[in-house]
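Protein sequence lines correspond, in order, to chains A and B. Each residue of the first sequence is one higher than the one before, counting from 1 in the numbering used here. Each residue of the second sequence is one higher than the one before, counting from 1001 in the numbering used here.
Possibly wrong hints are sitting among the right ones.
Unchecked claim - In silico SDA-like links for lysine to any residue, alpha-carbon gap of 20 Å or less:
no.	chain 1	residue 1	chain 2	residue 2
1	A	K188	B	K1372
2	A	K188	B	P1374
3	B	K1452	A	S650
4	A	K188	B	K1158
5	B	K1452	A	L647
6	B	K1452	A	I532
7	B	K1305	A	Y655
8	B	K1158	A	V665
Everything labelled a hint here was simulated from the structure, so no lab data went into it. Quantities reported herein were computed from a predicted structural model and do not represent experimental measurements.
Given next are the chains, with one letter for each unit.
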Amino acid sequence: MLDLAPIAMTLAADSPAAVASAPAWVMLIPAMPMIGVVLCTLMSIMGVRSKLPAFVTVACLAVSFLLTVFMFTGHSEGWATAVGWEWLHYSWGDGNGQNFTANFAFAVDGLTILWMLFVTGLATLIALYASEYMATDVGQGYNRFFIAFNLFVFSMACLVMGSNLLMLYLGWEGVGLCSYLLIGYYYKKPEAVAAAKKAFIVNRIGDVGLALGVYLAFVHFGTIEYTELFASEKLQGYLHDAAEGHWSHIPWQASAIPLFLMVGAFGKSAQLPLYVWLPDAMEGPTPVSALIHAATMVTAGVYLIARTYPLFQVSEIALPIVAWVGTLTALLAATIGMAQFDIKRIMAYSTVSQLGYMFAGLGVMTSVGAGFHVLTHAFFKALLFLACGAVMHGFAGQLDLRKLSGLWKVPGWRIVTIGMFVGCLNLAGFPLTAGFFSKDMILAEAFVTPGFALIGWILLFTAGLTAYYTFRVFFRVFVGPVEYHAGDDHHGDDHAHDDSHGDDHDAGHGFHPHAPGWAINFVLATLAVCSIVAAGLYFIGDHGWVAGMIHDSTAHIDPHGDEAGGSHGSAALFGLDPHKAMYYISSVVGIVGIIFAYAFHLHGRKSAGEAPAADAFKAALGPIPRWAENKWYVDELYQFLFRGPLLVLSHIFRYVDMLLVDGLVNLMGWLPYAVGGRLRRGQDGVLQSYAASMAGGLALFLLVILLLVNQSA
Amino acid sequence: MSQMLLPGAILLPLVFAALVALLPQERARSLALVGMLISAIPVLGLLFSFDYAHAADFQFAGSMQWIAEFGLEVSVGIDGVSLLLIALTGLLGPLCVLGSWTAIKDRTRLFFTWLLILQAAMIGVFAARDLLVFYVCFEFTLVPMFILINVFGSTNRKAAAIKFFIYTFTGSMIALAGLVYLAMHTADAIGHWTFALDDLMLHASTMSGTEQAWVMAAMLAGFAVKVPLFPFHTWLPLAHTEAPTAGSVILAGVLLKLGTYGIYRFVLGFVPLAVVEHAPLLATLSIIGIVYAGLICWVQTDVKKLVAYSSVSHLGFCVLGLVAVNTTGLSGSVLYMLNHGLSTGALFLLIGFMYERYHTRDMGQIGGLAAKMPVWASFMVFFTMASVGLPGLNGFISEFLCLLGTFQSSFGLAAGDANPGATPGALGPWFALFAATGMVIAAIYLLYMVGKVVWGPLVEPEGHDDSHTGLPIDLSAREITTLMPLAIACLVFGLYPKPLMQAIEAPVNSVVASYELEAPAATIEHAEPHDSGASEPEADH
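The shape of chain B in the complex, shown without the other chains (with noise of 0.2 Å):
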């Protein structure tokens, strides 16, 4: 039984989809709704059967040969950082659905068909254990989303669709000459073809330091891409604010993801060496991008575009917890993936809920919304608040350990007894101080937002009439309900994070132990003996 939750997680979508495509317009969305529901089964299934005592191990592991003489096969299997990503997807699937309820009002069929398929991509993505199954529900994934764009956006929907498409698909194309060659290089080893993850990640480490840097740049064009780091990001902001609403939140709740679940699956698992030598960089990069993003939101006058660019600010945080390859960073930031999907997420169906009734989103012509909409205004701050970082609620506690992996994660520090709790690692206090400034900057730009918004004077677009939305002046109980799971979510997680942490601690601790590194030779004056014969970073050079 519980060997097809997983696969049962994956095709259920895919059947409801078709359903949706065969039977007659009206009822879409509810079977949409059902649909989602019921795939959301299995996945539920997996979160109370998984073995959180064993979260690092691959469970319901299951394979099927396809063409056996090129290694290929179909294999799934998921660990604990994979379980609660599909845990997200699986939350995010129906209340995009509810969320979208009225805002699609023309092709509703196609519309959630592609939102299913999108769906079993997703959670394809992140059971994935070998290199077919993960290449191609990456890759699908753009599919459902280009049309979902190129379709159902706003104005300029065309423009955003294409761009999103081709940039992304230009990144994962050479991603895929890097894993390609991954794989060639483990051919050569082995003697035959294979394309198991477990194989792959057995004998990527015996690269050399030049080759890992090269197949690193080459999945990073990838997954840097799709996070997105700083300066492949102008994606991002146009595809959000053309997106529709359930499209923004999929997109900023898991699509994201699969650039930072990428590095850490893939460019942490496999060129190690590389990550150590190029960290620095990463980190500036992220760093940059909290800044630089943040900043931008700042001047932004489109809400939808300002949410947009916050993201490119957070992710960058949850990159800077990866690359400080330590337990609190890489907790941090795979907490970061879901809470950020959870807030963001919220924050893009509020601002839907929004647009369906005012049909803007210039925050010139809108303002001061509590005094007419205040539970909705009540949402807004919550969420504005989560994705702040205030202590209490999730995204606190993903961004304080980013932050706290990066200051530990650093060889002048750790030696010995003398800082018991630092970790070593090529980034340290500075890189902490700068991101720390996004702190700043994210309440800098998240209170201009709901100042905007939600406080002051109202302020509506000229000629508005509140009966010709069809919808309640303030939330209405559907509403209410897309929004409730999310923000219990976000407080109980924000308070306690246990469940979250027994399914992540394990399988991050086996990713940071693959490392055992030692401080370069020049730094360790005072270090103690490290018990260990692992690589030497700058070995190579």
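Isolated chain A (complex conformation) (with noise of 0.2 Å):
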């Protein structure tokens, strides 16, 4: 198993990390959002028809993030917390661990930190791209769509910056709760109420892990307080046990907890089993998407173990569980991104893909690997979803792949497109962007790691074919002939979807694309540059900017062994250090998941439609991309094995509680008449009198019985 010597050691050093009080101030960075949920309230009574909720958002979402950058600047070693208030505390005795307590209050330090700058900033900025693309919705949605984002802004703070499990759960159910409303914005389309519902549900499976963790974590530890519970000799001690392997000294009390947190993991982060909600999420407005469903809420399971990861690492198989479950959905979804048509869609199984990376991250303890491809991806999965979002803006939600072609000649589509390529490159993992040293961080690690290469090959395969699936979106849309087909929706509101796709509008009918404002490109284009810039950040200090941020974190761990007795530092790969073995290996894998894009789905293509090449191959296949396409058919394996089930058992249910339980209630309602003879006099004088009867005669023999019991006791 894994050697946790060294890791151990750093933070027994670092762990009585003094606790600072932050400022004041800091408690604005969650009150803005609040501000603005107030405020979109108020405009929403009051009827406001403009958009002005919007730009009140983005203001307040501005101001945020440019507190967050303050708390980034003045912030140094350790934590540093802020008390809102007693939000519940109760005690039965004066001992450890008989009081509860958990503050309505805020604990910052590093990993923190790095959380909430891309939040406030993404999350500002796709407020203002939202202002453009909800337009349609002004007077309609447009105050409830605003009420929303700014909750779940709220709501991820609240999870991030929480002081203690209880917060952070807080902001998990809330985080949730904003998701289900705004996958369920277009609320008239039976879908997207299907999709909201199944996200909802889902999430509560995982829910009910953490909350059960969170129990066990209080039961056993005594505190749910991260300054203390992390810093308890307790957790010391077991982390001690852990680095010399003596695993059975840890009671299995301790152990278990991380079996639980990593439930709820799965469920937010969309991982096996749990992942089916993610992709019927992207029937939620694509900025919805592009902030929740991408870049920001579905992270919070990587924040979540990056967080308690003390407590996954006194635990054998915590972490390799992590590592495993991340890296078979990262293969999973990959595959079926591979054989889906709608863009949106694939991009929605690149995030489930790419958030199995940082998951296998965090199982080979490269959390600072992790922690960048978080980042990383935050920012060219954003882009992603928003060029997609600007597609399905402007082509009437036109989201098929074969009904798209050329859109960089098309007027007024150079911005998409170019932001489109520069995501497309780092999510390909294209050398020398930022999603290709990000990923090679984790890729490195879990060939170093001992008993994990296997994950490695594995995690090395997906990038390849995620390198073909995200050209062949950027090949088949962006490039080629110019032809294209709107869809047949106007952001849904009004008009409920019909089933006559929109086959009959063509290019030439009449249908012009409504090219991005100023908004969506603005948006558009500072992503990009931030996309680009964030490779950058590798080379800052010693293991890139993100180690230094979550260095004085509980994320923190040491890969590398720097200490005495590390057996990471002497690793190689093939012959070479493993970082730059895996620059040239991945960069090669890439380029030819590239090139098989380009092979299959650009070169000889003549219409949108038809690409011979691919089309020949997916034929060679026979019928498993077609199995790929309907998703592996997982969908319809839950319904036979859990929902089906269930709903099967409830009508069982209700039946006996008719039959059975009531049944047996009447009979013993019944049984008096049948017994007086009386069955057939009137209802209600006489049943009440027998009722009556009745009910002193059971009494009477119940004292009865009871007295005898003292007889003879």
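Build the complex: two chains, separate frames, hints provided.
Now the structure itself:
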């Protein structure tokens, strides 16, 4: 198993970290979006019919982002806490652990700041984008959209900044609610309603795991405040035991905690077996998909594990499970993504897949790699989604890559195409992009961690698949011959989905795509720049900027074992330093993927709908592409294994309740009549007197029994 | 002055009931509203003059001799738990009148008279400090509710009312038998009759384990039916579905709590040995109720019946917290009583408002109302989320604490410093795990409901005409006024439950202190010596 010695050493050395008090304005970071909620609600009540809610939102979030930047520049080592008010506190004794305390309080460390920077930054940009994207709904759902949008950022801030596990839980379910409301934004569409419901329920399954993990953590450690929990001698002792391989010294109560917590993480971050909600979540408006279902909320699971990393390290099996779940999710989602035609769905599956990389990174003990990948992915995936959203917005909801082609040459679509290209390069892991470096950190670590080489190979193979399906989208939609067909909806709200898919709108029949305006273009350009610049973060400091950020946080480990006894420092891959080797190998893999995409989807393609090489290859594979297109029938399997039986059981219960449980009651009520032979008498008056005498008789009977019991005792 | 608050809270509704009954029909509803509001003043007075530092003491106590030779007296007094439940009753009363403003068109005098009498009886139950007051009030709640359902209910009201009456009446007769036995036992011990709860409590614990078990069974016959605990719940869906809106609100909001309050005050207080011995059984029934009733909710077509069954499921958490017998569980359970009253009460009001407009509760005939009634829909989603247990709203705190209490309450874990957060008890992680599935099931059925009624394409019953209802399409100012206090309470107590906890913590701790549990000898090998000479749960076997 893993050699944890250096990790525990450094943790033990760092552990009595000072807990400073953070300046009170830190609480404004979550408060600003809350103010946004209140203002947008007021505007909704007053019936505001303009873009005002959007700009209020942008302003609130921008302030929140600026404050986060101040928090970043002002932060030094360790924790800084700011207590809002006493949320839940009670005690049943004076002893250790005999009280429960969970304040509405915030605790800030490097990990928190890292997350908050990109959460508030992206939220601001995406709110600006949404001001234009949602413009057709001004006066209808526009206010509602921005209420939920602000509430989401507030919840996310509570999740990330909370000072205890209950605050995390508050944010956790809060973002779930906002996700529910925003996926179901086009509530007249049954698909959207179903998708929203599915997201909430599948997440709830994870939440149960998280809740049980919190219970167990409280019962075993007597606290759920981060500063106390992670500094506790008990936990430090376990970390020592774990580092020395004395797994049997650690009681099951401690080592079971991460097993529960990870269920929550798998739900929120859409990992096996709970990933099925995320692709359906694409029913929501695209800015929501970009912010919530790609860049921020779905990384909450990664945050949870990074936050409670010491708890994960006291279990022998927790991190290996995380690594394998992440790896298999990455592979599975990539195979599904390859076979989809809806470009937004492809991006959704790629999100699931990339989240798998992050989990694998956590599992193979490179929290830095996972964190860096979260950051780079946040930028380039938001960019990709927003570019897809621009297409959807401009082409009346068209997302089928067989019905769009050559957008580069359509007037007004340059910035979108460039943005898309930058995003695709990152996602494909093209050499020297940010996505390339962050993915490599995870891959290299997998190869050099003993016992995880197979994970490395699978992830490497998946990287090739990723490059292929990413550029499949780009080569089909953005370059090649110009051709486009409009979609059939105008943002859903007033036009209920009828099934006449828009084949009759052709390019020449009067449809003019409307090119994005300044807000969308500005946001796309900004994100494209951020995605490129993010690569530079890799070269700041010893192991990149992210390593410096999480150095003093709970997520910190020292994967290279610079201290004595480290086993990783000497590891090599094909006789090279593992990271250097990985540069070459994964560059080749990525480029090969892109070449395949070119050969199949651009080379020799004459129209949007037909790509001869790809179609021929697909035919050669037999039914497999169809199975992949149908998502390997996982939804159907779950339906068959879980939802179906549960529904049948519910119906059975319903009849059991009516016939058996209630039937017995009715029988009991009927007996006195039957005995008295007065069954046919009138209903009301007699009945009551009968009831009284029956009850009285029963009561008397019981009293007699009690007296007899008393006699014999 | 403050001595008059409690009698005032009980008697004022009766005075107004008499006024409503005597004055003309047309004035009934406004008089009832005034009556409810004025009756709420002494309740507010109680809230403000209650001494929260001594929340475990019974304050505002007063008693009156009645028949001295039988030890019969009328005595009242409230601790923090009673106080909060009285406050809940005082809050729901006026809202029920407002919520029934237009729904009850005929025989308004009869309706509001009984509603006010019911109010007095419910407050009486929570204020009672002797068996007589308790039992009289407890039984007397049946009559007003019987009439509310029987006269003002929907199509199947007669059957529902009769079933409600007979079932709960039978149960409470049996409970009476148990309580009388307890009084006899006490009379034996001290030589004269007394029905004062303090005296009974003092001597109840001298009963043997077997006696306690029988007395518990008898008491539960009354209280478990009232809660209702699986499998004694079948009267509830019927009664709820048929009852008028105000009846459902009071039924879910307060009357069910008489059962859990009875378990809290009497079962936990009087028969600790039996509680500890049978806690796993009760917990199992609660969990079955949570899952079973929750799944039944999922296949309902009548939206009101769905919410009714959800009460069965929800109250399972409440009983679970009670039998965990630790501070966490009991606090959670008391909070659950309040929070369920707020959120489910509001859901029934909302369904009532919808019913007034559409005259159907069939989810096949109505749907997608968000498009037509956005304000109504917003409230609906809000209270559904409170009911689902979303953190930040009130339902979460109580559900979280009930489950945490269940989890903590484990003889196996409670072994000194190894698990400092554990408390001795007969449940434990497995019970919490199974009960926690209720969290998922609640999400399934409540979102199913919202998905049908609120979201989706607009569906209205055939021939529906908005102008025929006499009501605005969306909620009127009166209806919003009815819901706002509940919404505010849900939000405030979700984020700041401290005022409630202040009233609950001390009384709950005094109940827990009377337990001083020790683990059965077999499971405490690693335990550190526990500093008490308390009762051994298994002593008598």
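So, going through the hints one by one against the coordinates:
Distance hint between K188/A and K1372/B is fulfilled; the C-alpha atoms sit about 11 Å from each other, no more than 20 Å. Distance restraint check for K188/A and P1374/B: the Cα-Cα separation of roughly 13 Å lies within the 20 Å cut-off, and the hinted pair is therefore satisfied. In summary, the hint linking K1452/B to S650/A is supported, as the alpha carbons are separated by about 18 Å, within the 20 Å threshold. For the given pair, K188/A sits about 39 Å from K1158/B by alpha-carbon distance, which is inconsistent with the 20 Å threshold.
Proposed proximity of K1452/B and L647/A is supported: the alpha carbons are some 17 Å apart, at most 20 Å. Between K1452/B and I532/A the CA atoms are separated by roughly 46 Å; this puts the pair beyond 20 Å, and the hint is violated. This hinted pair checks out: K1305/B and Y655/A have alpha carbons roughly 14 Å apart, not beyond 20 Å. Distance hint between K1158/B and V665/A is fulfilled; the C-alpha atoms sit about 17 Å from each other, no more than 20 Å.
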